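Peer 1: Chains as they are written, first to last, in our numbering: chain A, 1 to 145; chain B, 1 to 145; chain C, 1 to 106; chain D, 1 to 106.
Don't take every hint at face value.
What the hints assert, rightly or not - To be clear about the criterion: a stretch of chain B counts as covered by chain D if any three or more of its residues have a C-beta under 8 angstroms from a C-beta of chain D, and this derived list gives those stretches: (1) 38 to 51; (2) 93 to 106; (3) 112 to 124; (4) 131 to 143.
What the hints assert, rightly or not - Ranges between beta-carbon positions, derived for each pair: (5) C:K67 / B:T35: 26 to 34 angstroms; (6) B:D33 / C:T31: 13 to 21 angstroms; (7) B:D119 / A:K8: 47 to 55 angstroms.
To be verified - 25 angstroms max Cα-Cα, derived PhoX-like pairs, lysine-lysine: (8) B:K93 / A:K8; (9) A:K64 / B:K64; (10) C:K26 / A:K64; (11) B:K8 / A:K2; (12) B:K120 / B:K93; (13) B:K120 / A:K64; (14) D:K17 / D:K52.
These are calculated hints, taken from the structure and not from any lab test. For clarity, every value in this text was computed on a predicted model and none was experimentally measured. All residues carry an ideal CB built from backbone N, CA and C; glycine is no exception.
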Amino acid sequence: MKTKNYIKMEFPSRSVNEGFARAAVACFAAQLDPTLEELGDIKTAVSEAVTNCIVHAYPDSIGKISLRARIIDNNTLEIVIKDWGKGIEDIEKAREPMFTTGGEERSGMGFTIMESFMDKLRVRSSPGRGVTVTMRRRIAVRTAE
Amino acid sequence: MKTKNYIKMEFPSRSVNEGFARAAVACFAAQLDPTLEELGDIKTAVSEAVTNCIVHAYPDSIGKISLRARIIDNNTLEIVIKDWGKGIEDIEKAREPMFTTGGEERSGMGFTIMESFMDKLRVRSSPGRGVTVTMRRRIAVRTAE
Amino acid sequence: MKVLSSYKNGRLTLFFKGELDHHSAKKVMNTIDQLIDEYLPRDCVMELSGLKFMDSSGIAVILRVYKRMNEMGGRAWAENPPRQPMRVIDASGIDRIVKISTTMKE
Amino acid sequence: MKVLSSYKNGRLTLFFKGELDHHSAKKVMNTIDQLIDEYLPRDCVMELSGLKFMDSSGIAVILRVYKRMNEMGGRAWAENPPRQPMRVIDASGIDRIVKISTTMKE
Ligand SMILES: Nc1ncnc2c1ncn2[C@@H]1O[C@H](COP(=O)(O)OP(=O)(O)O)[C@@H](O)[C@H]1O
Ligand SMILES: Nc1ncnc2c1ncn2[C@@H]1O[C@H](COP(=O)(O)OP(=O)(O)O)[C@@H](O)[C@H]1O
């Protein structure tokens, strides 16, 4: 797949960066001329994935988060969010709705939301070595005004 | 100086990324609670520096641009924008108002604007090896509502 | 993110304003806990129309408020979520547990 | 970024809307060149109140329009820049060359 444009970002796992990350991706996605609803979906999915790094990957420390976004064929946005934290042992279980290791403050709906808002979701992890979440969403091509 | 928070970004020298870069820095700067005017100044300075990479550093090709922003002591934002392009031979001359090698489409006011909108501007370059622009701007601390 | 409130005749109304994510959720929940402790309301209405953004951290907040009110023998529901929060609510399925209603605005 | 226009009694008014940076400047300049070629106006007013953002690429556009009109024996000026573009205009000093005026809006 040809990359038409991309951004790579890196930032520490501070919760204030959740808002930054979703806004930055929204700014980048703007060139695909998305609807407000498409933009809302993408921001939500990014927020979930970045929050997971902050809450689950680095529960007691500040670690590094990498976020890459690129535009590929077919008016599609691909987002890859990566951490080098705790990792997930059983990915299938982690992806189940309502499953959480995060207690009362988490709903266990993060992966469910990423899955329903994006066209594709891939989660890779090896325990102790971090998690890589890859998401794709095609933006409908609208006819020009 | 202690870094309180940071972002690192990398993107190709496509002109569509000028808007992305200044918006992303504005989102990051938001945590310092800047006024609209402070935010406008920062966005303008970023736009100038990124445009210079696109226009001057890589005139005939697409190259890599790196942008780092961090929050340091004294409520100050530091922005470092770096390219690996043509470089500048005479930096002093390049910084003069109205000096441009860019023809009619450029005004030669890029560095002048960076200088007057930011508290500090440092330009480093070795010809053929790119340019690094470092800018700092202190955000006034406002009393809480 | 801010939570404003009004109380009348046993009903505590919470007005959510801004972006409700993990970063803001803890402070929001503390504010709400204090308000519930102070008024011990019979009904608690979460008025969501001022939300600019909400992710699954907001789902956790809504569920916690619902549970707290339930334990006290009271009721809780959410009102008027804008489009983006409504999509998150839909995807999460919490509308099977907590009532989500739309009121007419004058 | 868009440029809308109106023409009346020898005066071409250009309404700048959006973000004027290097990315948009080339298209903007083409649009303006075409409009000037079409109307051959005596006066050209750049109405900036719709600008959401402008950097030094906008300074180059304003100067080029000024020069083109000058060469034709016509006049050109800019009107009603919002705060951020005005700061860029101030820093650049082009107000010593091109008039920047503020009109009252009804
Ligand atoms: N980046 C990550 N690093 C480590 N564990 C993770 C990560 N992301 C998700 N998990 C695990 O997967 C579970 C489910 O995640 P999710 O569906 O997003 O719900 P929630 O974040 O509300 O717990 C988490 O509770 C956690 O155990
Ligand atoms: N990143 C860069 N790489 C190479 N040359 C540069 C770079 N930035 C600036 N320059 C040189 O410095 C000159 C002045 O830059 P500036 O003041 O920003 O004005 P302008 O961009 O309008 O030419 C440019 O015309 C160019 O010759």
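Peer 1: All hints, please: hold or fail.
Peer 2: Okay, the hints, checked on the actual structure:
Coverage of the stretch 38 to 51 of chain B by chain D holds [criterion: at least 3 residues with CB-CB distance below 8 angstroms; count 7]. With 4 residues having a Cβ less than 8 angstroms from any Cβ of chain D, the stretch 93 to 106 of chain B passes the three-residue criterion, so the hint holds. Against chain D, the stretch 112 to 124 of chain B contributes 4 residues with a C-beta closer than 8 angstroms to a partner C-beta. That satisfies the three-residue criterion, and the hint holds. Given as covered by chain D, the stretch 131 to 143 of chain B fails the check, having 0 residues with a CB less than 8 angstroms from a CB of that chain where 3 are the minimum.
About 41 angstroms separates the C-beta atoms of K67 (chain C) and T35 (chain B), a value inconsistent with the hinted range of 26 to 34 angstroms. Range check, D33 (chain B) to T31 (chain C): about 20 angstroms between beta-carbon atoms, so the 13 to 21 angstroms window is met. One distance hint, 47 to 55 angstroms for the beta-carbon pair D119 (chain B) and K8 (chain A), is violated here, with the actual separation near 28 angstroms. With a C-alpha separation of about 33 angstroms, the suggested pairing of K93 (chain B) with K8 (chain A) is violated against the 25 angstroms cut-off.
Taken as a hint, the K64 (chain A) and K64 (chain B) pair is honoured in the structure, with Cα atoms around 22 angstroms apart against an allowance of 25 angstroms. The hinted pair formed by K26 (chain C) and K64 (chain A) meets the criterion: a straight-line CA distance of about 22 angstroms does not exceed 25 angstroms. At most 25 angstroms may separate the alpha-carbon atoms for a hinted pair to count; K8 (chain B) and K2 (chain A) meet this at roughly 24 angstroms. For the proposed pair K120 (chain B) and K93 (chain B), the alpha carbon gap of about 18 angstroms is at most 25 angstroms, so the pair holds.
Restraint check for K120 (chain B) and K64 (chain A): not satisfied, since their Cα atoms lie roughly 28 angstroms apart, outside the 25 angstroms limit. Restraint check: the Cα-Cα separation between K17 (chain D) and K52 (chain D) comes to about 7 angstroms, which is no more than 25 angstroms; the hinted pair holds.
Hint compliance for this structure: hints 4, 5, 7, 8, 13 are broken, all remaining hints hold.
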